[in-house]
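Visitor: With the hints as a guide, bring both chains together as one complex.
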Amino acid sequence: MGHTLAEKIIAKHVVDARPGDAGLSPGDLVQVAVDVVLSNDITAPIALREFEKLGVERVFDPTKVVMVADHFAPNKDIKSAEQCAMMRRFAREQGLPYHYDVGRMGIEHVLLPEQGLVLPGDLVVGADSHTCTYGALGAFATGMGSTDIAVAMATGQIWMRVPETMRFVYTGELQPWVGGKDLILYTIGRIGVSGALYRSMEFTGPVIDGLSMAGRFTMANMAIEAGAKAGLFAVDATTRAYVAGRANREYTMYASDPDADYAEVIEIDVSDVPPQVALPHLPENARPVAEARSVTIDQAVIGSCTNGRMEDLRIAASILRGRHVHRDVRCIVIPGTQQVYLDALREGLIETFIEAGAVVSTPTCGPCLGGYMGILAAGERAVSTTNRNFRGRMGHADSEVYLSGPAVAAASAIVGHIAGPEEVTA
Amino acid sequence: MSHDNKILQGKVWKYGNNIDTDVIIPARYLNMSTAEELAQHCMEDIDPAFARAVSQGDIIVGGRNFGCGSSREHAPLAIKGAGVSCVIAESFARIFYRNAINIGLPILVSPEAARDATTGDRLIVDLETGSITNTHLGKTYRTSPFPPFIMQIIEAGGLIPYTQAQVHRRAAKESA
Ligand code: SF4
Numbered sequence: 001m002g003h004t005l006a007e008k009i010i011a012k013h014v015v016d017a018r019p020g021d022a023g024l025s026p027g028d029l030v031q032v033a034v035d036v037v038l039s040n041d042i043t044a045p046i047a048l049r050e051f052e053k054l055g056v057e058r059v060f061d062p063t064k065v066v067m068v069a070d071h072f073a074p075n076k077d078i079k080s081a082e083q084c085a086m087m088r089r090f091a092r093e094q095g096l097p098y099h100y101d102v103g104r105m106g107i108e109h110v111l112l113p114e115q116g117l118v119l120p121g122d123l124v125v126g127a128d129s130h131t132c133t134y135g136a137l138g139a140f141a142t143g144m145g146s147t148d149i150a151v152a153m154a155t156g157q158i159w160m161r162v163p164e165t166m167r168f169v170y171t172g173e174l175q176p177w178v179g180g181k182d183l184i185l186y187t188i189g190r191i192g193v194s195g196a197l198y199r200s201m202e203f204t205g206p207v208i209d210g211l212s213m214a215g216r217f218t219m220a221n222m223a224i225e226a227g228a229k230a231g232l233f234a235v236d237a238t239t240r241a242y243v244a245g246r247a248n249r250e251y252t253m254y255a256s257d258p259d260a261d262y263a264e265v266i267e268i269d270v271s272d273v274p275p276q277v278a279l280p281h282l283p284e285n286a287r288p289v290a291e292a293r294s295v296t297i298d299q300a301v302i303g304s305c306t307n308g309r310m311e312d313l314r315i316a317a318s319i320l321r322g323r324h325v326h327r328d329v330r331c332i333v334i335p336g337t338q339q340v341y342l343d344a345l346r347e348g349l350i351e352t353f354i355e356a357g358a359v360v361s362t363p364t365c366g367p368c369l370g371g372y373m374g375i376l377a378a379g380e381r382a383v384s385t386t387n388r389n390f391r392g393r394m395g396h397a398d399s400e401v402y403l404s405g406p407a408v409a410a411a412s413a414i415v416g417h418i419a420g421p422e423e424v425t426a
Numbered sequence: 427m428s429h430d431n432k433i434l435q436g437k438v439w440k441y442g443n444n445i446d447t448d449v450i451i452p453a454r455y456l457n458m459s460t461a462e463e464l465a466q467h468c469m470e471d472i473d474p475a476f477a478r479a480v481s482q483g484d485i486i487v488g489g490r491n492f493g494c495g496s497s498r499e500h501a502p503l504a505i506k507g508a509g510v511s512c513v514i515a516e517s518f519a520r521i522f523y524r525n526a527i528n529i530g531l532p533i534l535v536s537p538e539a540a541r542d543a544t545t546g547d548r549l550i551v552d553l554e555t556g557s558i559t560n561t562h563l564g565k566t567y568r569t570s571p572f573p574p575f576i577m578q579i580i581e582a583g584g585l586i587p588y589t590q591a592q593v594h595r596r597a598a599k600e601s602a
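Residue numbers (our numbering), protein chains in the order written: chain A, 1 to 426; chain B, 427 to 602.
Isolated chain B (complex conformation) (with noise of 0.2 Å):
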């Protein structure tokens, strides 16, 4: 990641509590698997605007407990096939937040930027420091930073880099 993929910037789509991996692509849906096709039917049957008119790069905020469910990474994969840069909410299912970590899909936990944002407002990301500001209502919020085993698979591009690099370490040792 260059610096500058490092600030994001977009739009919010504001969400309340336990918006479950259901309602984020619903389970008739799980006959395909690709991030694009998934991404037609996001939010389908909470706000079945979100997908035509979401823009690349827009925010999507939640409450408590956001992406409660099922363990379907189709869930994070049809929110970045959206477009989606990051997803900020109180708190995450821990599946949820697995998953978006090894796909690269950042998110961030804030309970005060998620409660005081609504649809429609700007806000701008700041991986590397955690924070996040709302350009509408003129506030920055700070993230606690996330762990570094965890920033290692960030910085890696997901797990799957990582582990291949891994891999390809061990490797070379045996083979040393």
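Looking at chain A on its own, in the form it has when it is part of the complex (with noise of 0.2 Å):
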């Protein structure tokens, strides 16, 4: 029997792997050894704890213990900048030379991917749930608690359970509009938000090999929303070009079987998907954007871990471009990167953003998860590009949040209500 592209990632990784075993098969409990360790600001505070209590001087490899301050940074209040400080003490005192402060932070599924930190084969875990984004690269990457990544921080070891993977198939014609997050809040929509529970996903079909990297990260930044542990795709042509150039070591390329053994394959005919929105609270509330029409919005969010990158920008520019958000709206913009920043900035896009009335502001989680940069009154609604619409997610419980992608997003802020992007394009 075959095995599927997570088993054989996490099988390369086992720990005192017997010669000649026969492979691993979902369900098996493993010790692996681990390629990354992530931890960011809100999360490491308590993994520092953890890891003092385990009396182990140092971590067990510097070069592979990532620290991000994206959530509450730059420092949003005294505490914020506290748990900023503990990190960056520790990092100092390490001499962990993948610590990102401001300035050099972005938002770390972002980040990571671009400095070339995440390559194809590695087994990554992360005291952040959508670390599960990696498995755009072909990486087996999911998210812990602090507790599991001061352990992994101290031995470079942890447990985990091999998860029965579920393929999914995208055949068809993509419609105008839409893309990774569409496809991802459809297929969420589909199977509901805990229908990958404890287990992998796989992205596969024609329609994948088409997808930018962009749209790979957004969908793989997802799985999680649908409770799965990774959400991986095969290494092809598309990812060897975004590696290349970044990468600083030897990379691994695992793919799949053709007799790999799955719990479920589900085929998707991408033909008649319209771009999607994901009503309040759930991300498995996904709908036909035209059904949401009659909503009307306070704030537009276009930035995040799952849509900051580029090509996102890209396109929501491409839609404000010569027109104006509504006044009643309020448009921030947030570029996932220093990098993403300075790219659209020299390509007219920061511009184009500014002409059009919206706030452009420095990367970080900020609005997302309801830190700062934007959280919402009793009552306000948001179309937003993040992952999570969970009640009081961006501010007062009884607020409410839109999931869609950039071009729905842009066009919504323009409108003053929730929009196609042909709304206002055509």
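Because the hints were derived from the structure by calculation, they are not lab data.
Covered stretches of chain A, going by a simulated chain B footprint (3 or more residues, C-beta under 8 Å):
{"no.": "1", "stretch": "42-52"}
{"no.": "2", "stretch": "131-145"}
{"no.": "3", "stretch": "153-166"}
{"no.": "4", "stretch": "384-392"}
Quick caveat: nothing in here was measured; it's all calculated off a predicted structure. No residue lacks a Cβ here, since even glycine has one placed at the ideal position from N, Cα and C.
Guide: Structure follows, in structure tokens:
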């Protein structure tokens, strides 16, 4: 019996694997060696306290421990400042080359791939649920808690259960303005927020072959929103082109065997999937954008680890260019990293946003998790390119978040209610 | 763990499906990280009365996919800090499940017990046998026991003490 991409990567990282082992099966509990251990300004403080308790002096390998101050940074208040300071102190003591502070930092899941810190075939654990984003690179990456991360930082190892894999096959022709975000929202709409619970999702098919890296990162990013442990793509020419010039070390490419065992195979014809919007308060409430047309909005957020890449900003700018944000809407654009910010500036996108009446922020998670930089009041509604629309996620418990891709968010910002891109571009 | 604290008793706080980590502990409080501080805001956005009215030993009962969303360990920490002795649900989101075990918050999957229980019922949970008794309904439920590896972590008191023991064993072997 063959193995899936996820199973092969995990098998390669098993500690003390016995030669001649027949390979892994879903359900096996294994101890694995990790290539990258990630934490951020809200999860590192807890991890560091646990790390201290372990009585280990040094992290297992300073070049594999990555820390990013992105959630509440630049520091939003004194408590956040203390959390960032704690992380900074630890990074200095341990001599961590990949501690990213303000000025170098970006939203972690945009930043790590951009910097070439995660490569195909890697096994990555992060104290952040959207660590699954790196599955786009053909890596096995999964979110864990701070205690897990403390142990991984100290030992370079962690336990995990080998997940079953669900295969998704996308066929057909993409409609105009439909991108990775629409595909993943539609998929979560089909299977529900626990539709892939404990499983690994594998995204395949001709539509995926044609999808850009940005689109793949967006889809892998939201695997967790279906309950999945990871969301993977096989490595192809698109992946290799992205990694070229970023990778400073060797990497390995894995592919699922033709006779791999899948828990489920789901085929999705994208030909009649229009741009999507997920209604409050769950990502599974995905609907065609036309069904949410009557919803007026107070805010539009374009950014986050889901849609804060150059391609996303280009799409938003193409719609906002020469038009103006509705006077009752605050439109907030957040480039994912310093590099994205700079590229957008050089390409004239930032000018487009400002001329359209949007504000542009330094990279930060900010409003995505209701931290700062765009908190909603009671009764307010936002359309947002982020990944979660749980109750209270962007502010007051009585506010609402509608998830969409950058095209719908930009169009809605102009019209003042949820709108498809063709409503403004036609 | 002595046998006594393997028997838990408490009043039920019942919630629905997909209780996410943003309602368990809203992100606006993530600039704090101790269980005591976090506990004061536990479940605030879905049940403002909870944090004040919960008593030591009470049990949270949820539906499907309890704890979905972010990886924040603040969520089980807030629940534990509030004095909750265990969480029972129809199913759990995987990161929440790991986190709860790692910090020593007992967590049981029992679709039947979770569906039958209502707020205010009293439950008796025996962690050793995995049985849950609803004294109000006079019904007892069996849950499947933890896999041996997970049980080792729980018996050690969480992932940190478990790893400490391993680190020490390795150090002893190297110096021998
Ligand atoms: S942008 Fe949002 S979802 Fe992504 S890491 Fe930051 S807070 Fe989490």
